[in-house]
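Participant: Now for the letters of each chain:
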Amino acid sequence: MAEEIKAGCARPTGGPVGEKVDDKKETPKQEVIKEVKAMVTVGKKAPDFIAPAYHKGKFINVKLSDYLGKWVSLCFYPGDFTFV
Amino acid sequence: MVAEKYPEFQKLGVEVLSMSVDSVFVHKMWDAHELSKMVKGGIPFPMLSDGGGKVGSVFGVYLEDAGVEARGRFLIDPDGIIQGFEVLTPPVGRNVSETLRQLQAFQHVRNSKGTEATPSGWRPGKPTLKPGPDLVGKVWEVWKTSMAFDK
Numbered sequence: 000m001a002e003e004i005k006a007g008c009a010r011p012t013g014g015p016v017g018e019k020v021d022d023k024k025e026t027p028k029q030e031v032i033k034e035v036k037a038m039v040t041v042g043k044k045a046p047d048f049i050a051p052a053y054h055k056g057k058f059i060n061v062k063l064s065d066y067l068g069k070w071v072s073l074c075f076y077p078g079d080f081t082f083v
Numbered sequence: 000m001v002a003e004k005y006p007e008f009q010k011l012g013v014e015v016l017s018m019s020v021d022s023v024f025v026h027k028m029w030d031a032h033e034l035s036k037m038v039k040g041g042i043p044f045p046m047l048s049d050g051g052g053k054v055g056s057v058f059g060v061y062l063e064d065a066g067v068e069a070r071g072r073f074l075i076d077p078d079g080i081i082q083g084f085e086v087l088t089p090p091v092g093r094n095v096s097e098t099l100r101q102l103q104a105f106q107h108v109r110n111s112k113g114t115e116a117t118p119s120g121w122r123p124g125k126p127t128l129k130p131g132p133d134l135v136g137k138v139w140e141v142w143k144t145s146m147a148f149d150k
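Residue numbers (numbering that gives the first Met the number 0), protein chains in the order written: chain A, 0 to 83; chain C, 0 to 150.
Keep in mind that the hints were calculated from the coordinates and are not lab data. Keep in mind that a hint or two might mislead.
Said to hold, decoys possible - Quick list of in silico lysine to aspartate or glutamate cross-link-like pairs, EDC-like style, CA-CA up to 20 Å:
1) K69(A) <-> D78(C)
2) K57(A) <-> E33(C)
3) K62(A) <-> D78(C)
4) K44(A) <-> D76(C)
5) K69(A) <-> D76(C)
6) K69(A) <-> D47(A)
7) K57(A) <-> E7(C)
8) K44(A) <-> E14(C)
9) K43(A) <-> E85(C)
10) K53(C) <-> D47(A)
11) K19(A) <-> D78(C)
12) K55(A) <-> E7(C)
13) K44(A) <-> E85(C)
14) K69(A) <-> E14(C)
15) K55(A) <-> E33(C)
16) K62(A) <-> D76(C)
17) K69(A) <-> E33(C)
18) K43(A) <-> E3(A)
19) K53(C) <-> E18(A)
20) K44(A) <-> D78(C)
21) K43(A) <-> D78(C)
Could you build the full structure based on these sequences and the hints that come with them?
Facilitator: Here it is in structure tokens:
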């Protein structure tokens with residue numbers, strides 16, 4: 000599922016994949032009213048993404064959509080070596 | 000700590016992914032030097048790196064001023080649908096038991112194909128509600144507020 004990535008000097012990064020959530024809709028009459036904040040909503044699809052990960056001694060790439068068919072608990076937190 | 004309760008997540012068939020703006024190299028060091036001393040065997044699930052908060056921004060949890068992610072926890076079902084989320088500012092930690100309770104409730108509802116709903120404070124073994132015309136105005140007969148609390 001997740002292919003291993005080689006650790007080089009560059010910091011591996013990922014990002015959202017698939018269609019953009021905040022694609023600017025063409026509004027011919029009014030010019031940009033507000034910045035559309037892409038907010039996730041319950042009952043809607045989770046935005047797909049790909050991100051490098053550390054998993055049991057290996058560096059891998061994780062793609063959220065690879066987990067379709069399973070329940071996922073996705074937990075963001077402020078930072079490594081912090082206290083809570 | 001999710002890692003401590005990981006076997007319970009596994010029992011429910013739930014995959015755990017953690018994510019912060021730290022690099023995978025720092026994740027490795029944190030696991031090796033600290034977390035593995037708290038949790039036997041270290042962190043069992045993938046620790047994802049979100050440099051620049053690109054993914055966190057899409058999920059609405061990236062705090063631009065601080066350059067870190069808030070404590071956002073998203074429960075995503077097998078169809079990729081977000082069933083629930085909770086977002087806390089950094090100083091307050093989550094309650095893993097509540098996450099497990101919600102997962103059990105969402106799984107129960109899904110297994111019932113939407114015919115059952117779980118009332119406040121539901122846990123496996125407690126009665127569910129079967130929404131329908133007959134239940135309207137009659138919830139008080141089948142469900143008491145005391146059922147919402149664990150003694």
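Participant: Take the hints in turn and mark each one as holding or not.
Facilitator: Against the structure, the hints:
1. K69(A) <-> D78(C): 8 Å, holds
2. K57(A) <-> E33(C): 18 Å, holds
3. K62(A) <-> D78(C): Holds, at roughly 15 Å.
4. K44(A) <-> D76(C): 9 Å, holds
5. K69(A) <-> D76(C): 7 Å, holds
6. K69(A) <-> D47(A): Distance ~14 Å between K69(A) and D47(A) Cα, so the pair holds.
7. K57(A) <-> E7(C): With a Cα-Cα distance of about 24 Å, the restraint between K57(A) and E7(C) is violated, given a limit of 20 Å.
8. K44(A) <-> E14(C): Distance of about 17 Å is within 20 Å: holds.
9. K43(A) <-> E85(C): 15 Å, holds
10. K53(C) <-> D47(A): 12 Å, holds
11. K19(A) <-> D78(C): 19 Å, holds
12. K55(A) <-> E7(C): The given pair, whose Cα atoms are some 19 Å apart, holds under the 20 Å limit.
13. K44(A) <-> E85(C): 16 Å, holds
14. K69(A) <-> E14(C): The hint holds at about 7 Å.
15. K55(A) <-> E33(C): Distance ~14 Å between K55(A) and E33(C) Cα, so the pair holds.
16. K62(A) <-> D76(C): 15 Å, holds
17. K69(A) <-> E33(C): Status violated; Cα separation ~30 Å.
18. K43(A) <-> E3(A): Roughly 30 Å separates the two Cα atoms, so the pair is violated.
19. K53(C) <-> E18(A): 15 Å, holds
20. K44(A) <-> D78(C): At roughly 8 Å apart (the allowed maximum being 20 Å), D78(C) and K44(A) satisfy the hint.
21. K43(A) <-> D78(C): 10 Å, holds
Checked against the numbered hints given earlier, the structure breaks hints 7, 17, 18 and satisfies all the rest.
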